[in-house]
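Chemist: Here is what each chain is made of, one letter per residue.
Number of protein chains: 2
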Amino acid sequence: MEEALYESLVSLVETKQYKTLQMRLNEMAYPDIADFIMQLEDEKMRVTVFRVLSKDISADVFAYLDSDSQETIVRMITDKEIERLMDELYVDDAVDFLEEVPANVVRRVLANTDSETREIINRFLEYPDNSAGSVMTIEMVELHDRLTVGEAIKSIRRTGVDKETIYTCYVIDDKRHLVGTLPLRRLILNDEDVPLTEIMSDDEQLITVQTLDDQEEVASIAKKYDLLSVPVVDKEQRLVGIITIDDIVDIIDEEATEDFEKMALLRPSEDEYLKTNVFVLAKNRIVWLLILMVSATFTGQIIEGFEAKLATIAGLTACIPMLMDTGGNSGNQVSTLIIRGLALGEIQIKDYLRVLWKEIRVSVMVGVTLAAANALRMIILRHITHNPATDSVILVVCLSVCAAVMVAKIIGCTLPIIAKLLRLDPALMAGPMITTMVDAVSLLIYFGFANLLIH
Amino acid sequence: MEEALYESLVSLVETKQYKTLQMRLNEMAYPDIADFIMQLEDEKMRVTVFRVLSKDISADVFAYLDSDSQETIVRMITDKEIERLMDELYVDDAVDFLEEVPANVVRRVLANTDSETREIINRFLEYPDNSAGSVMTIEMVELHDRLTVGEAIKSIRRTGVDKETIYTCYVIDDKRHLVGTLPLRRLILNDEDVPLTEIMSDDEQLITVQTLDDQEEVASIAKKYDLLSVPVVDKEQRLVGIITIDDIVDIIDEEATEDFEKMALLRPSEDEYLKTNVFVLAKNRIVWLLILMVSATFTGQIIEGFEAKLATIAGLTACIPMLMDTGGNSGNQVSTLIIRGLALGEIQIKDYLRVLWKEIRVSVMVGVTLAAANALRMIILRHITHNPATDSVILVVCLSVCAAVMVAKIIGCTLPIIAKLLRLDPALMAGPMITTMVDAVSLLIYFGFANLLIH
Chain P
2 MEEALYESLV SLVETKQYKT LQMRLNEMAY PDIADFIMQL EDEKMRVTVF
52 RVLSKDISAD VFAYLDSDSQ ETIVRMITDK EIERLMDELY VDDAVDFLEE
102 VPANVVRRVL ANTDSETREI INRFLEYPDN SAGSVMTIEM VELHDRLTVG
152 EAIKSIRRTG VDKETIYTCY VIDDKRHLVG TLPLRRLILN DEDVPLTEIM
202 SDDEQLITVQ TLDDQEEVAS IAKKYDLLSV PVVDKEQRLV GIITIDDIVD
252 IIDEEATEDF EKMALLRPSE DEYLKTNVFV LAKNRIVWLL ILMVSATFTG
302 QIIEGFEAKL ATIAGLTACI PMLMDTGGNS GNQVSTLIIR GLALGEIQIK
352 DYLRVLWKEI RVSVMVGVTL AAANALRMII LRHITHNPAT DSVILVVCLS
402 VCAAVMVAKI IGCTLPIIAK LLRLDPALMA GPMITTMVDA VSLLIYFGFA
452 NLLIH
Chain U
2 MEEALYESLV SLVETKQYKT LQMRLNEMAY PDIADFIMQL EDEKMRVTVF
52 RVLSKDISAD VFAYLDSDSQ ETIVRMITDK EIERLMDELY VDDAVDFLEE
102 VPANVVRRVL ANTDSETREI INRFLEYPDN SAGSVMTIEM VELHDRLTVG
152 EAIKSIRRTG VDKETIYTCY VIDDKRHLVG TLPLRRLILN DEDVPLTEIM
202 SDDEQLITVQ TLDDQEEVAS IAKKYDLLSV PVVDKEQRLV GIITIDDIVD
252 IIDEEATEDF EKMALLRPSE DEYLKTNVFV LAKNRIVWLL ILMVSATFTG
302 QIIEGFEAKL ATIAGLTACI PMLMDTGGNS GNQVSTLIIR GLALGEIQIK
352 DYLRVLWKEI RVSVMVGVTL AAANALRMII LRHITHNPAT DSVILVVCLS
402 VCAAVMVAKI IGCTLPIIAK LLRLDPALMA GPMITTMVDA VSLLIYFGFA
452 NLLIH
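Chains P and U, in that order, give the protein sequences. Each residue of the first sequence is one higher than the one before, starting from 2 at the first, in our numbering. Each residue of the second sequence is one higher than the one before, starting from 2 at the first, in our numbering.
Mixed in with the good hints there might be a few duds.
[As the list claims (entries may be wrong)] When the alpha-carbon atoms are kept at most 25 angstroms apart in a straight line, the in silico DMTMM-like pairs for lysine to aspartate or glutamate are as follows:
no., chain 1, residue 1, chain 2, residue 2
1, P, 176, P, 140
2, P, 20, P, 4
3, P, 284, P, 140
4, P, 224, U, 255
5, U, 276, P, 352
6, P, 225, U, 347
7, U, 236, U, 308
8, U, 164, P, 199
9, P, 284, U, 100
10, U, 351, P, 255
11, U, 284, U, 100
12, U, 224, P, 100
13, U, 236, U, 127
14, P, 17, P, 44
15, U, 351, P, 273
16, U, 224, P, 214
[As the list claims (entries may be wrong)] What follows is a set of in silico ranges between Cβ atoms, one per label pair, in the way DEER data are often shown:
no., chain 1, residue 1, chain 2, residue 2, range
17, U, 393, P, 218, 51 to 57 angstroms
18, U, 365, P, 23, 45 to 51 angstroms
19, U, 105, P, 391, 19 to 25 angstroms
[What the hints assert, rightly or not] To list a few chain U residues with every Cβ distance to chain P over 10 angstroms, as calculated:
no., residue
20, 12
21, 88
22, 102
23, 121
24, 128
25, 237
26, 247
27, 283
28, 330
If you're looking for bench data, these hints aren't it; they were derived computationally from the structure. Bear in mind the structure is a predicted one, so any value in this text is a computation, not a measurement. For each residue, glycine too, the CB sits at the ideal point set by N, CA and C.
Hey, can you work out the whole structure from these sequences and the hints?
Modeler: Right, dumping it as structure tokens:
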């Protein structure tokens, strides 16, 4: 939000020109109004602005606030105001909000919600995290399969205002079974007396998810079929909710962030960085660092077993960091490609042999190139620094670089696929294990060559 | 696609039961038909199936094919068929396809396209990669600002079939300036005689991008405002196209993949892994590996300057991998959080001091914990393996771990923000530089403490 706009709005609050403020806010988009409220430092001011909002937009703006601001507001408004807010909020936004605030706030909010909504919200709160049920909304357009186009449009005009989306309508039978979907587009472009059953998508084209399906699954279906909303059904194929594209976009971002975090050895967290306190940040980081530090005992032992030789042959120790970094980086390059490919569905378990064969060829090319470049580097370095690396040390280092790259690439493409095969999370498992394995194997290769070629 | 379904469809092709095949395919969703065609090994069979498709769906299916299959089909169909295909394809899909195929195919396709479409396509092909212009489509619903709701709905019913989306309509004046946007929803829910200007979103709520804006910008606007399509305007605010949510979802995935690749030291590539040949894969990987190998010369030099001491004090060398890994991992954890936060707009440059202060506190906690755990580890190890690490070696290692973690965290949060400040790509710059700097600094700290505390 621009500084000038922010200042002018703040001065309206401070001078209590609430009518003008309301008019100005009415002209702004909901996310921008929410931005303005969140930027206000003073809690009372936040509530004041929220109360100034016209009744018909305050719930929409509320849905765009972060959970801190939502909590502040709910703590300071009256029970009556809470009741109206809960009445206006879409169920998925209400659930998102209630999932983030302390239990006493949840209790107060639910106490001021009508019993029907309360029951629905309670059911939603019970769906496991990241399941389709936990992100769906119940405000969808349902049309009976006996209607015609004209009747359907009339029904939408009557009930559509409260629906989260009207662009895909869901056709149900007497028992609420989902029997077809109907884009509003097709309704508009057809004649009034056509029966819905004639123009709806049904049977094989009916794409649904179940309440307990993972949200990642929902996102990949929406992406594949370019859906604006995905219908959620129960085990009897009865329609229980829909997941709209704006939530799917959030899921896509969330899942990518989670994979970024896992691959960077972080415990995934759903909170924004700036809003997470330092203890949680520290906790999320320490686990893997500890595990990897302990697992570095292996590499330490490998080096210790070789310390005598390292001490006598000049130049060998100096190349350890280069070798380990090169191996680690090579392994990471592949595992990232494979993990991302698996996440986007571009790579399947059955492709493993193709992947492996590709990686073997790539690793030979990369390994040989790096080994050659390294030979050049070490020879130049020998002349510049008069360092005493002998020809055999150079040979050992080059052979090791080449072999380490090849092994790292093979480990890097194999581990994520094994993880997937074992139904583990490739992003979670591959990162730490690859580092440990590649480190150890690179050193073993290095010392192996050194033992073989230097006496 | 299920094996049984695939087999039954293939047998229809082989026994030339084209009528039945057409009926079966008509019942399937476009992406599934495309999947079926792409799974066929035989090129002739692919073309046969494509030709069997009903005329009204073949362009839709074509848009879902990968570029290899698109090329195969276009090479084998007649000029007449190409003409019809190009006529039916949305401009953005046509451009996507033409960007991926060889020049001779492009020439043949354009030669069989009517001059108006050809001109549009040529203009689109000139927009820079990843710009809003290169991903937009021109098939949007434009409504004149003099219309009423009833007239607008009539106009949509007349022209809507050929539009990529009709769910957001764009209101223009006599000179094609975009003056407002109007969700179809609002049209449907209003009375017929209301003028559009009364219900459209205008002025401050009008959210647009320009043709040369980066696609990442487009995606973040669509996400913030939950838009189903983003209007693209030229410098005079004239409407030139729209970008629809399905393309925005692809952009979000693409941008995340690009960041994954950059952070894993890969040259970003837009092709799927399995479809990229080994030379390209090798080329994309070698650059950074080479640069980092050469930059490892620094760490090599640091170790060499210390080789004499390493040779005489048992246990010092063995801890180098652990120290470097711990430093590297700590730095990576932070930089990943910051890079992702910057990409999602959750962190801004102005937040740097808050980030730094957070990281200093986190790094003290993490550093001290790791140092303590490491002391424990080394003391236990001393008893088990009777290895000769003295108290002063353990002290040096622990102090170094703590200091390395702190420095790594500070470097890890600073570099991405500096990159952003310099308008460089945080993901591209931070990964490699952090590795190099953290490696060198960790070793310097280690040897510094060793010099200070071990005589």
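Chemist: Decide, hint by hint, whether the structure agrees.
Modeler: Structure-based check of each hint:
1. 176/P x 140/P: holds (18 angstroms)
2. 20/P x 4/P: holds (22 angstroms)
3. 284/P x 140/P: Given pair residue 284/P, residue 140/P is violated - Cα atoms ~39 angstroms apart, limit 25 angstroms.
4. 224/P x 255/U: holds (13 angstroms)
5. 276/U x 352/P: The given pair, whose Cα atoms are some 12 angstroms apart, holds under the 25 angstroms limit.
6. 225/P x 347/U: It is violated: about 28 angstroms lies between the C-alpha atoms, which goes past 25 angstroms.
7. 236/U x 308/U: violated (64 angstroms)
8. 164/U x 199/P: holds (22 angstroms)
9. 284/P x 100/U: violated (47 angstroms)
10. 351/U x 255/P: Roughly 24 angstroms between the alpha carbons, so the hint for residue 351/U and residue 255/P holds.
11. 284/U x 100/U: holds (21 angstroms)
12. 224/U x 100/P: holds (22 angstroms)
13. 236/U x 127/U: Given that 25 angstroms is the threshold and the Cα spacing comes to 17 angstroms, the pair holds.
14. 17/P x 44/P: Holds, at about 16 angstroms.
15. 351/U x 273/P: holds (16 angstroms)
16. 224/U x 214/P: The hint holds at about 24 angstroms.
17. 393/U x 218/P: 51 to 57 angstroms: holds (56 angstroms)
18. 365/U x 23/P: 45 to 51 angstroms: holds (48 angstroms)
19. 105/U x 391/P: 19 to 25 angstroms: violated (56 angstroms)
20. 12: holds (18 angstroms)
21. 88: holds (20 angstroms)
22. 102: Fine: 20 angstroms to the nearest Cβ keeps residue 102/U off the interface.
23. 121: About 23 angstroms separates residue 121/U from the closest Cβ of chain P, which puts it past 10 angstroms; holds.
24. 128: holds (23 angstroms)
25. 237: At roughly 23 angstroms from the nearest Cβ of chain P, residue 237/U sits farther out than 10 angstroms, so the non-interface label holds.
26. 247: violated (4 angstroms)
27. 283: Violated: least Cβ distance 4 angstroms, not greater than 10 angstroms.
28. 330: violated (5 angstroms)
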